[in-house]
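**Q** The lines below spell out each chain.
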Amino acid sequence: MSAATIHQVQVPQPKQHGKPGGIMRHLNFFTGLVSGVVLALVFGYVMSLQFPAGALTANFANAAAGPVFWAMMVGWVVGFMGGMGAFVGPIRWLLGRDLTHADAEFMAGKDQGKFRYWRFTTDHKVVGIQYLIVAMIILGFGGLLAMLIRTELGITWMEVFNPDFYNSLVGTHGIAMIIAMIVVVSGPVGNFIVPLMCGARDMAFPRLNALSIWLLVCAVPPLILSLLVGGIRDGWSVYQPLNAQAGPGMIGYQTTIIVFAVSTALASVNIMTTVLTMRAKGMTWSRTPILIYGAFAAAAMGLYAFPFYMYSQILSMTDRLVNTSFFNPIEGGSVWLYQNLFWLLGHPEVYVILIPSIAVMMEIIPVFMRKPLFSYYMAIAGIVGVVGLSGLVWAHHMYMTGWAPQANYPFMLSTEMISIPVGFLVLVVIGTMWRGAFWSRLPMMAVFAVIFNKMIGGVTGVYLSDVPADQYFHGNMFVTAHFHYMLMGAGLFGAMGGIAYYFPKMTGRYLDERTGSIGFWTAFAGFQITFMSMFVAGLQGQPRRVLQFDNMFDISNWISTIGAYVIGIGMLIFLAAIMSSWRSGQAAPSNPWQAQTLDWQTATPVPLENFPVLPVVTKLPYDYGVPDPLAPKKLEEQYDEKVGAPS
Amino acid sequence: MADTMVPAEEPEAPTNRPPAMHRLREWLQRRYVRHILIITVVVGFLLLPLAWLMLAAMNQSGGPASSIMEDIQQTIFVFTLVSIPITAFVFAVLLYSLFGWKGKSGDVPPNNDNPAIRTNAVAVITWTVSSSLLAAFLVVWGLIELADITADSYGSTSATGQPKTEDALVVNVTGQQWVWTFEYPQYDKVATDILYLPKDRPVLFNVTSVDVIHNFWAVELGIKIDANPGAITQTGVTPNKEGTFNVRCAELCGLHHAYMETKIDVMPAETFESFMRESGAGRTR
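Residue numbers (the numbering used here), protein chains in the order written: chain E, 56 to 702; chain C, 57 to 341.
Since the hints were made in silico from the structure, they are not lab data.
A few of these clues could be false.
Negatives, chain E to chain C, calculated, CB over 12 Å [to be verified]:
(1) PRO107
(2) PHE115
(3) ALA118
(4) LYS336
(5) MET365
(6) ARG425
(7) GLY446
(8) ASN463
(9) PHE528
(10) ILE584
(11) TRP637
(12) GLN656
(13) THR673
Quick look at which bits of chain C chain E covers, simulated, 3 or more residues with Cβ under 8 Å [to be verified]:
(14) 111–122
(15) 244–256
The beta carbon of each residue, even a glycine, is placed where N, CA and C say it ideally should be.
Isolated chain C (complex conformation):
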């Protein structure tokens, strides 16, 4: 009877700290959680140089040569940084599953004592919310950057939406199997097969094709638009770097698609003016 007289120990009084914090702390103290977090960080740091290596690969041929290309590279850089944590986490789980929780071979399933985790509301909610936030960030970033490069491309400012065409250089780009022709209507319709551009002056391209679909890709300037037969598509750019860059066709256009490439020569504005005057004079006489 004596032991029944001993008053039962009172359950622990509720503390001020929320139970969720208790559970998070208990969870973080588990060995596998710590290991997975450590592996995540390590894998993340191993992946981190990719952000710079990708840009290095893109800049191998001399870019970026315009603000548009800089925006594109910035987007790629940020996307790489954003996707590294989630990739690293998934890889860490895979690695820990392979080497931490380990596998056993054999003819019959050896592991009949794994915990039956049917779902976990916290994990589901955390994952859904964080992946939605990530996606939202990517969408918002993409929309802003797109508006930005669209404004740059069409020579308009996003504030006014008005084209700044007074000083813009117009180039009519024509694709045909398998050469590019660049025509300068402001300079006596001079036509060249190399794209000559002045530095720091907005350029508006009217792109079309005479036969099949081509794609006008000024690689280091970061612009790309289809050349469609029977339609004119527009794009634009302001080169901000002198040098020799590449135009490639990025849409399969038949037999010699691979050879449908040419050079871009970005030169100082004065040189461009005199060059065009000479070419135009040579052509009209």
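So here's chain E without its partners, still in its complex pose:
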């Protein structure tokens, strides 16, 4: 044992063996990939030996297929994470060779150049960028599937795909987009920006941070692979018992969800601990920027909601593999149990997507309006109210299931109550806009788009929260249009605004205003066309998730498909703007928007430990604007005006 002197105290240090980093020097994404694939093949082969050749199940399916695919998934997860070096820390600790300071610095990516993005790097800024890239890749994949779905629905006179593949497209699009939307704001903003905004040197648990992003990466291939082995034919909600009829592709979905839920739980704990314990000196709860509240709220909801999802998929998996029949009604299981577990995730998850996006908007508006955030406490109340109610509304997805008709009354009450805290957030936004000339840049323009979409999504949500109206709209294209307005219109367009806002801090360059705006507004226009006509299709009575329909729905579907292609073009332009700006955009100073939050007070590119000296906070960071000339005057001031101020 060597020792280091820290603050005049001798602190024992583990002994350094070899070069800093040890075996981590040789492990990266590519070794993870190789070892994941190898271990998957080995596990699959070993499992296949357990079944005699040609063994069939009671349904005359190949008996080996499910277990073999499951074993391959286990092999992939263990192999990939092991090959990445996720287990090196604990193993070295068990062997008595704990990480030294030099090892920790190596793992934080010190002096490694670009290659640190391919490693198990603990620096929160690297993790944030990795989240952004992974989310964009999943979004691209999900968007491609959306184009295929709209192609099928636009060509009304024939089946382009066979129904089985179409159903797989719908399910895979759904879950891929949900995963991407959950991480596209919470990931980059929660990991890159929140520690900076807190005035911290890193996240609370840097190694868990690296673990959460690589678990997310690990969760993606099973989802894509599942398309090759039967697909997810049952929508993203994969209701039982339809789930049980699907091929082994469903195991890919279940693996993805279980791994993703673990990743989300780790990320949530990390963000919450960082916010609770690592805010700068003086950053009391009434001086904390609203984005930190938003990230904290999303993490808190994720932490209690995702376990339900994980349990539902673990139970489904055991139903499938070892006939536990939790959800099989023929053997005493309950299909409603599955739906309850699923929607206990399903509704909070919507707010996990929305709240960070709205919180980013609330950071953007004061900066570009040069006005303080209107009624900061009301914004907090709105976020707290949404978090509080989010866990009490899940059964509004089950109004029409016949599960408990009497429960429809209380759930209608709680669901419609959510419009009150959401209304608070709207007031904060329009109050901040009130009487201010705005700085017309892409992040600010995104705010207008988001509020427009959010109003439409919110108002249509009121119909759906009402049981009688939902009796018409449940399982109808109207629902599809509504949640796209919420998740895409408010969530994704908000994320695009957020990317434009934080781009200079993340990359040191401005996002190209012109190309970015063209892409953004093209996508926005296409979005309105697509989903407005989808509302019409829903009102006419088109059910969801169908590939063929009555002729009366043709026109609205044609328009919708044209709009979808416009969205695709707009998104590609926006992507081109991101890529070209990242490589060769206009260089930005460290605080290009002249914002007051701590994340903009450090150098760009952000140094390894963020701040040379940890900052101290003395006020709320929304100190913009001049005293209001129209503010109602106090009585003394009125008297002074009339009488003359005492000299």
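Fit chain C to the supplied structure of chain E, relying on the hints for placement.
**A** Just chain C now, with coordinates in the frame of chain E:
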């Protein structure tokens, strides 16, 4: 010294009118407030036709064909009317921000003289109270309508809670991948794949499934309930219009979910009786 001798002007005596009214009046006289209110009204009137257009879209296939569907449409109509003012106001603020208060581009923030409005108690209270009242109205309306259509669905009256089953027609609906079967236990268990219903007679549906979850949606009759395997769910309706309507499956049920639809034929009660007698006789012999 002379000017100090001039008695200072007395502050204005308090008037009888409450100061809040003064402030409201002063506020309403501001140019931007007037413009925003005007835009709100204009946008509101532009949105108003939606209330009727939505119903027109819903009625395209021949509905409403029952009192339940009429209640649903009434709810949708009222909700549209209620949400138009608030939507119009928010849109008006957005529009006035874009074109009235305007934006400026540039590399540095051009607008450093915006008023620092940190909060405004009147605005906060007004907004909270009015949005709560709106939400309360929607909840109360929803609860009443729900009780109403529940009473209609189960063939009971809300006053007594007693099922009016004496004259109710019972139909056992069975969903299976990917067809609907309708069985009439009161008519020799006749089974059909098209839903035949008499006009103006209460119908009670016992809905179930033999394989996966389906959703029995009689579109123009306004009823919808899941068909669950291993459970029977009930709903009901009294058709009040003759014609041909649609049954669709509204829950993804596998390969041919899109094609799991059939027709409803609502006919006069006498025609229904004779039709059922013939079908039943044909089946038993």
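**Q** Any of the earlier hints contradicted here, and which numbers?
**A** 6, 8, 9 and 15
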